[in-house]
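J.: Sequence:
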Amino acid sequence: MKRYLYISIFSVSLMGLVSSCDLEAPSKSSMDSSVIFSTPSLAEGAVMGIHQSFGETNSYRGRYLPYYGINSDVEWINGMDPTKMPDAGKYDLCTYSSTSTNTQMNTTNNAYAKFYEGIERANQAIVGLRAYGNVENNSTMAQLLGEALTLRAVLYLDLVKGWGDVPARFEPITTETMYVGRSDRDVIYKQLLADLEEASGLVAWPNETSVTKSVERVNKSFVKGLRARIALYAGGYSKRADGIRLSNDPELARETMYTIARDECLDVIAHSPELAKLSFKDNFLKLCQDDVTAGAESLWEIPFSDGRGRVLYTLGVKHNAKDQYTQQNNGGVNGPLPYLFYDYDIEDIRRDITCVPYDWSKELVNGRSKQELRSLDNWCFGKLRYEWMNRIVTSTNDDGVNWQYMRLADVYLMAAEAINELSGPSDAAQYMKPVLDRALPAAKVTAYMATATASKDAFFNAIVDQRAFEFAGESLRKADLIRWNMLKTKLDEAKDKMKKLARGEAPYNDLPKKLYYKTADDGETLIIYGLNHGDTDEEGEALGYESNKSWIGTDKLEDSLIESLYTQNPDENQVWPIWQTFIDSSNGMLSND
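Taking the numbering used here as reference, the numbering of the sequence shown is continuous, increasing by one, and the terminal residue is 1296.
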């Protein structure tokens, strides 16, 4: 990917697509696009140049990934201070109260701008490849056109998720189209669905060609999975000018969208390894170890070089010092809601991988830190860990771990959801069960599936629960809750659960008030008693561990913090406003009315 980046900078500069503030490129093209898009290496560089817009400082890397999807009913930004809200910054972005002058976002180089920069690069590549790439007869150029269409779809989907109705730009900008207003999101959804249908006929399956051996490159499984995801969003609820509702466009009718999702997902599953035979933990080990080999669970990742990206920095286990595993003391910026750990089945292997109650100590002994308890209100996500990496991160702010945009489990659960809606739980069950088979003992899977398949509604509720347990910390939940019209309902339920946990009320009334712990013989691993339902303080004390800590109580998880999960009505604030700098420079075409 680094090689492609060098080529991409060269090619994009030649096309005059990069502004002087980015690369000090010439403002006019110094090489005709007919040369670029008829030359495979240059065309590849131009398409890979779209990735540069993903990785810019205030794009996905430092703004969209840390803040979109936080807060939901399973994840929040750690360390919120209710006394500092509203803060006009990061808290407002996460608690559904952002204004157009937000200090984190109201700049000309933030995610909104960079997404459109990437879209313009994609538009130029799409036009050039159609005109000069001979894609009908050249599979290399066809792959590149499919990638450009798909990357544009990713950017547009995330624009709609973040800002709702946004300007639709599917052709390169001209003087006549410099200023345009918002477009109905349905127009964008329909274009993306058509683009991805085309792209699926252009790109190869994972490992079918040398290009698709890496999940940093677009493959047919991802294209189809992305089309399924967009179909579910397009067929779901969202906040419109006249309220929260489904689309009125007959082309986006729910049955039509569920049919697209079903068909695309089933095609991906038919061309993929069996999910139940893939390890949940191994997926995240590979992600942390920079293993981008296609053909496992990961379908596509936003690529970050070693000195770029804040994925583990934001969503990993916190290290308080430069230690034996990292020279970057960070992680733990976002974490799971405190009740989530306790809602997993005690034998669900996803629980201890997803929710981590410890961080790594600031104090070092012989240059080594050890695990230390955090607090009930301040858990870490554990899917990303410096200690799982094969390299030592040395950058102050960036860790180089890719963002896993889609994995196979998502396809299975999308298939299960769509099929349940179209033909009921008996047909859908076979696509939920593999997700459970690798997470729970067989007897518990059998019992769970018997309950889940009792009715269509029961199965849908099981989908809602399993998508929480499976994808917590992967920033899918907020958009799921919006399309189900469950955002405020589930956030209120999360507040209620946290209050019950703090007060020791059912279903959390069988937990001890303290945790009892010691350090293992390896000198770094924490052994903890008291996290499981049914544990007691009496048994904890009897263990004779060297330490204990008060854990559950209203003083450990205060009501003011719980209420900060959202500070404005989430249903009325599902999207961010377009930032004031773009309103001011839109020639009167944009507003947040």
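Among these hints, one or two may not hold up.
[Unchecked claim] Distance condition first, Cα-Cα at most 27 Å in a straight line; then the derived BS3-like pairs of lysine-lysine: (1) K1159 x K1202; (2) K1259 x K1073; (3) K793 x K1193; (4) K1159 x K1147; (5) K942 x K1259; (6) K787 x K1147; (7) K1191 x K1202; (8) K942 x K1198.
Please keep in mind that the hints were generated in silico from the structure rather than gathered at the bench. Since the structure is predicted, the reported quantities are computational estimates derived from the model, not experimental observations.
J.: Hint by hint, note whether the structure agrees.
T.: Hints versus structure:
1. K1159 x K1202: Given pair K1159, K1202 is violated - Cα atoms ~31 Å apart, limit 27 Å.
2. K1259 x K1073: Since the Cα atoms of K1259 and K1073 sit roughly 23 Å apart, the hinted pair holds (cutoff 27 Å).
3. K793 x K1193: holds, 22 Å
4. K1159 x K1147: holds, 20 Å
5. K942 x K1259: violated, 35 Å
6. K787 x K1147: Violated, at about 45 Å.
7. K1191 x K1202: This hinted pair holds, its Cα atoms lying about 17 Å apart.
8. K942 x K1198: With Cα atoms ~22 Å apart, K942 and K1198 stay inside 27 Å; holds.
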